[in-house]
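Visitor: Protein chains in written order, with this note's numbering: chain A, 1 to 528; chain B, 1 to 429.
Zero decoy hints are in this set.
Straight-line Cα separation of at most 30 Å, DSBU-like style, residue types lysine-lysine; simulated pairs:
1) A:Lys151 to A:Lys253
2) A:Lys432 to B:Lys243
3) A:Lys432 to B:Lys233
4) B:Lys243 to B:Lys233
Some residues of chain A that are not near chain B, with every Cβ distance over 12 Å (derived):
5) Arg3
6) Ser13
7) Leu27
8) Pro43
9) Glu103
10) Asp144
11) Leu153
12) Asp170
13) Asp185
14) Gln274
15) Arg283
16) Arg285
17) Ser287
18) Lys432
19) Arg483
These are computed hints drawn from the structure, not numbers from a lab. C-beta atoms are modelled at their ideal positions from N, C-alpha and C, and glycine is treated no differently.
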Amino acid sequence: MPRPGFVLEVDRSTPPALIWHGEGFRLERLPAERSRIVYAPEPLAPLPDPDAAIRAALLNPLGDRPPLPELLRPGMRLTIAFDDLSLPLPPMRRPDNRQRVIEAVLDLAADAGVDDVVLIAALGLHRRMTEAELRHALGDRVYDAFAPSGKLLQHDAEDPKGLVMLGKTDLGEDVEVNRRVAESDLLVYVNINLVAMDGGHKSTSTGLMSYKSVRHHHNVRTLQHSRSLMDRPHSELHSSAWRIGRLLNQHVKVFQIETTLNNDAFGSQLAFLQKREWEWGLRDRASFMAASRGVELLSPRARRSLFQSVLAPHQMTSVHAGEVEVVHEATIANLHRQQVVDVEGQSDVVIFGLPHVGPYNVGSIMNPLLVMCLGLGYFFNMYIGKPLVRPGGVVILSHPTPWAFHPVHHPSYIDFFEEVLASTTDPAEIEKTYEERFATDDWYRHLYRTSYAYHGVHPFYMWYWGAHALEHASSTVIVGGNRRAVRRMGFRPASTLADALEMAEDQVGRDPTITYFRCPPLMLARVE
Amino acid sequence: MKALQVEHSLARFAAARIASGWKAGAGGRVGPLRLVDADPPALPGPGWQRLSPRLSGICGSDLATVDGRSSRWFEPLVSFPFVPGHEVVADTADGRRAVVEPVLGCEARGIDPPCASCAAGRRRQCTNLTGGHLAPGLQTGYCRDTGGGWSHSFVAHESQLHFVPEGMPDEAAVLVEPAACAVHAALSAPACGAGPGDEPVAVVIGAGTLGLCVVAALARWREDVTRVIAVAKYPHQRELATKLGATSVASPSEVRRAVRRATGSWMLDNGQLSGGAPLVIDCAGTADSLAAALAVALPGGYLVLTGMPGQTNTDLTPLWQREVHLVGSYTYGPEPAVGGRHSFDLAFELAEAARLERLVSATYPLERSAEAVEHAASAGRRGAVKVAFDMRGEPRRLSYLQAPGLPGGGSGEVLGESPERLPASGEAG
Ligand SMILES: [Zn+2]
Ligand SMILES: [Zn+2]
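Only chain A is shown next, with the shape it has when bound in the complex (with noise of 0.2 Å):
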């Protein structure tokens, strides 16, 4: 039976805590008697035969929705969707659960003769995946029998051809969507929901739109009002995104498959990564050593590509079939099953330890937008409830910051860096001023559509998921990052963590309390 997430108060005896930091960790001991360590809970029992529970569900949907085969028919348009390449974190071990639910999906079109079908990668605004990555998705069979003939699409959303725009919402929110889907008799979307806002309506309303609807949830405004985005009912993001997925839902008739995962991250050799530090033998002390020592050797780039190449053995808990709203609460609740953590009350401080991956740098460079982007958009928020620290609190992130960015994957960023941050770093400002230009510059148009690039104004979402953060929090200090990346984004560069901890006092106050969110493995506190 694994043991639930667990909040240990620090005192003299407490061994270091182990702290994610990039490619590399840190052990740091916390001050006794006023600091605590969130634990996740312990991977969930993965679902005995996951393509047995996958038939089961597309047999006996959730909510308003007949059994898939009873939607199936020769001469209709199907398409499946699925999630992109920034799910799951890290990236899964073989087969990949798109590859287990298409299969299955695919296998029931077979039966009922439908031959018009087409997959589509829900990239929204997200890089365009490679080959490799496709095949990794969703297995060499479904690839080689998709790709060649021009039947596995890739969303483009701007391909002005491409879109169809189906309306406004009450709201007067525009709702601009794929035109393969628009023009579908069925959509079946198939989601890993890794983390609480993933999922819903979301997923079609972020994954297969435009620019023109993207922004009416992505921007400074809701994603203020959004506590947390990982926690729906109290997040304006999912309120819009929900009301456009509504209209959608009105036009086209949608499947939605949702599974969940355990939060078995780190395969045996970085076993001690998931478990607590009192309990690590020999042979965790061991790898520990052996890890840090071996990637201490390395050089920048050989250590993100071993750390990029680590595949996780997560499992699939959950697999829920049917209409979009009810599927969508089931997986919550077992997300929730895995990952929530009930801490009690707020501290002035909160400690996040980053590692290599996020969502946005699969295969890529953590750069600092996407540290920002993980430690004050994903870590933050990962609450339900109140944030774990204080208002007017310190957020202290430890990350190596590098001042690099990947050129093909992130153009966009490497100018939102250079010209919009060095004048400003409030972000309605740089929404007000910036965002426009940035998202209709025809050449990150060009590299979005034709390489593998993210959009344009994907970097300002970056800034606006840490918006909430920026607004709560009185300043955010990163240890050991480069110093200048640090500074040009507005927070305080550390060396170590003691000295993060003596600046956040000049906020604070004497012997704060500190909270450590230790975390990968994922977990939601809910915090009263």
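Given the structure of chain A, go ahead and fit chain B with the ligands onto it with the hints provided.
Guide: Chain B with the ligands only, in chain A's frame:
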């Protein structure tokens, strides 16, 4: 009188070249510049006047001379020994303040009738720089017979004098000559095309005195230019460029991307732009700055070279393939683009409107020339812009402050390394 003099010593030029290869400005110690006690120059003829310098700036071309790096092009156009200093505000014998327009054309040389260029008001293009009753010398500060600003006395022809408006600080007046060069550079390319899709973007490379003044001049007189991208290395340069009117500031490594963004062009795989800026002004004159300028110039655009270049090794393929107009811009004259007003008139206006006195970062007495030259040679790194010699004794230093309502002026001391000149409190009485 005391003066800093450059002698024609091959050994000293060689020593300066070697020393400055190690450290820019080191030529000030071992090179051809020496503090001497010499007779003031005689008045060469009618219309000549004696002047007593108040402040005299150290310019990039002066540094090249002191460090022995000047182009051999100048050899026939200078006469030794000479006293440098062509950026100068000085008192005339009748107690008026003037700045000197240093070019020594036909009129100063007593050549009548003048050459066609001088007759047309373009003294800078004079074809008689070695003729007439003066020794060779393209400007005051390079001619044996006139002396120069780095001294307590020199001579100038009345046609060279521009009188300083009352109330203008010496520190602003000493910048009028470089500002006039900047005005001329800013106005020396035609108006940017206003075709649809054309982005009237100007790029200014270099953010020393010249570059900053070009930014200010573009902002003031080039209505066709809607965005000015300044390229600056140091924080104080960034700040001043913004204050003087740059729309954005980029570091040298960022300039291509900045121009791409501003002009909506594409970047090809080797970093080259599909388009570019219709106007690029190179105020640094190095191989790097010229290459950077060529890399961001629009096909058919204008590249104005105003920083003194010397020998450079640059790939000119883009100049050829993109038909970029390479325009040299030297000194000043009537500016047809601004109703024929003289660059110096415009520079006075600019000095006042843009408060150019804030560019004077430090002043030194002649006796500390080695330090001064080193400071000027490393101005950017040391947070400075313009370094100048100060020949004012205490009474003269205060004289222009007698006018009521003036803020405090210079203290006459070395002012540390802040680009903002602090008002010298307690002196204005
Ligand atoms: Zn000069
Ligand atoms: Zn002439």
